[in-house]
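Protein chains in written order, with UniProt numbering: chain A, 1 to 164; chain B, 1 to 164; chain C, 1 to 164.
Hints were generated in silico from the structure; no laboratory data involved.
Watch out, some of these pointers could steer you wrong.
[What the hints assert, rightly or not] Listed below are the simulated DSSO-like cross-link pairs for lysine-lysine, each with C-alpha atoms no more than 27 Å apart in a straight line:
1. A/LYS70 x B/LYS69
2. C/LYS69 x B/LYS70
3. A/LYS159 x B/LYS35
Since the structure is predicted, the reported quantities are computational estimates derived from the model, not experimental observations.
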Amino acid sequence: MRFQTKIEKMVDLTELMENEVFKAYASYTTIILSKMMFMSTATAFYRLTRKVFANPEDCAGFGKGENAKKYLRTDDRVERVRRAHLNDLENIVPFLGIGLLYSLSGPDLSTALLHFRLFVGARIYHTIAYLTPLPQPNRALAFFVGYGVTFSMAYRLLKSQLYL
Amino acid sequence: MRFQTKIEKMVDLTELMENEVFKAYASYTTIILSKMMFMSTATAFYRLTRKVFANPEDCAGFGKGENAKKYLRTDDRVERVRRAHLNDLENIVPFLGIGLLYSLSGPDLSTALLHFRLFVGARIYHTIAYLTPLPQPNRALAFFVGYGVTFSMAYRLLKSQLYL
Amino acid sequence: MRFQTKIEKMVDLTELMENEVFKAYASYTTIILSKMMFMSTATAFYRLTRKVFANPEDCAGFGKGENAKKYLRTDDRVERVRRAHLNDLENIVPFLGIGLLYSLSGPDLSTALLHFRLFVGARIYHTIAYLTPLPQPNRALAFFVGYGVTFSMAYRLLKSQLYL
Numbered sequence: 001m002r003f004q005t006k007i008e009k010m011v012d013l014t015e016l017m018e019n020e021v022f023k024a025y026a027s028y029t030t031i032i033l034s035k036m037m038f039m040s041t042a043t044a045f046y047r048l049t050r051k052v053f054a055n056p057e058d059c060a061g062f063g064k065g066e067n068a069k070k071y072l073r074t075d076d077r078v079e080r081v082r083r084a085h086l087n088d089l090e091n092i093v094p095f096l097g098i099g100l101l102y103s104l105s106g107p108d109l110s111t112a113l114l115h116f117r118l119f120v121g122a123r124i125y126h127t128i129a130y131l132t133p134l135p136q137p138n139r140a141l142a143f144f145v146g147y148g149v150t151f152s153m154a155y156r157l158l159k160s161q162l163y164l
Numbered sequence: 001m002r003f004q005t006k007i008e009k010m011v012d013l014t015e016l017m018e019n020e021v022f023k024a025y026a027s028y029t030t031i032i033l034s035k036m037m038f039m040s041t042a043t044a045f046y047r048l049t050r051k052v053f054a055n056p057e058d059c060a061g062f063g064k065g066e067n068a069k070k071y072l073r074t075d076d077r078v079e080r081v082r083r084a085h086l087n088d089l090e091n092i093v094p095f096l097g098i099g100l101l102y103s104l105s106g107p108d109l110s111t112a113l114l115h116f117r118l119f120v121g122a123r124i125y126h127t128i129a130y131l132t133p134l135p136q137p138n139r140a141l142a143f144f145v146g147y148g149v150t151f152s153m154a155y156r157l158l159k160s161q162l163y164l
Numbered sequence: 001m002r003f004q005t006k007i008e009k010m011v012d013l014t015e016l017m018e019n020e021v022f023k024a025y026a027s028y029t030t031i032i033l034s035k036m037m038f039m040s041t042a043t044a045f046y047r048l049t050r051k052v053f054a055n056p057e058d059c060a061g062f063g064k065g066e067n068a069k070k071y072l073r074t075d076d077r078v079e080r081v082r083r084a085h086l087n088d089l090e091n092i093v094p095f096l097g098i099g100l101l102y103s104l105s106g107p108d109l110s111t112a113l114l115h116f117r118l119f120v121g122a123r124i125y126h127t128i129a130y131l132t133p134l135p136q137p138n139r140a141l142a143f144f145v146g147y148g149v150t151f152s153m154a155y156r157l158l159k160s161q162l163y164l
């Protein structure tokens, strides 16, 4: 309820973007989605430098016929990036939805910031731990921090806003 | 248009959460995203109890060198959970986006509730049918109910709000 | 700031849907999510016509015991559709989140429409290039146009709305 009440002037959409919690959500979400998009570039980079492709048309430039087909293979490094990317999807999609609804449910700014910062930090660390790779339980801990943060927001939502 | 018009008092964000359709969307979305997150735990559970891993660093605790590498394998049960998880992603992401826009487009509360309940019920049943597994067409029907609900909301949106 | 200021009348949710940028976002998002959902149908179509299944219960109708198990296999065509579907997920999820926040950040209508049209056109062309398949760099270009559009919106958001 950190809105000034203004007299006789209509809201517009940009009001949403004047809400500090929503602004924070917008910033952290944009950062973590951009990070996720970087995984596509990483996959493309390893595919090209290691000549490892999934589609015949992708390796047509490296030779004709049978000569090109030898590049249709899998590679540990490429598969690792793809697993990290899929794990991002599986975890960032719930954050996207639950975080949006949480931001609209009027949480304290400091609590909301704590959630967003922990989630984004944990997911960035998860990627580092996955791609380096760091020994376990680095990646597992990063995963569970992000997971816990999302559940904490879901719990607050269901406790305060349930309408079934 | 189930909003009271109030005189000389400004909207705030929490108004969105006072809209019953939006509250219902928030509740059902939080439930179905939490259910989807549960799939990660199920995968981790089967990986640990069956000692089936995708990354060398994950099975380092089960032995050294070649002894650990034998746990880098696939397992029917783990792959089944992963397929169910991916199917969730493929279907819950459209619901997340289309459902949000649909909720903002001013549908009847009862129609909206019918859509949300059917979708969430169908997806939960889909998971049960996939993991048990139940004989077909249990899973197929659950899939098509969720699919049809999402298309029904998309159809309403495009019919009433198209702006290209 | 293309909102009329109205005197002494309260906002309601449908106001969001009266914003032209938001309406355009809603329309293009609904279209591209529906297109993504079509990939599920394409996978099911190829699985059924080619008798290629991932789960034993799916091919129980084609024979008993060992006779049915021969349909548990992979197929180039099915795997191609699944890769296209996953690529859609990886790219449409960032558009969903970043596009929503971008729409709420008050961009020019014409700039926003350019972003949405390019993205949706590029992703539809990506699917055509993937499923035909067209020779490279058709698919790569389609991918990078969609990628660039999403980053352009992310850049604008972070430049104007950063709140960390």
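Hint by hint, here is what the structure shows:
1. A/LYS70 x B/LYS69: Given that 27 Å is the threshold and the Cα spacing comes to 26 Å, the pair holds.
2. C/LYS69 x B/LYS70: OK: C/LYS69 and B/LYS70 at ~26 Å, within 27 Å.
3. A/LYS159 x B/LYS35: holds (16 Å)
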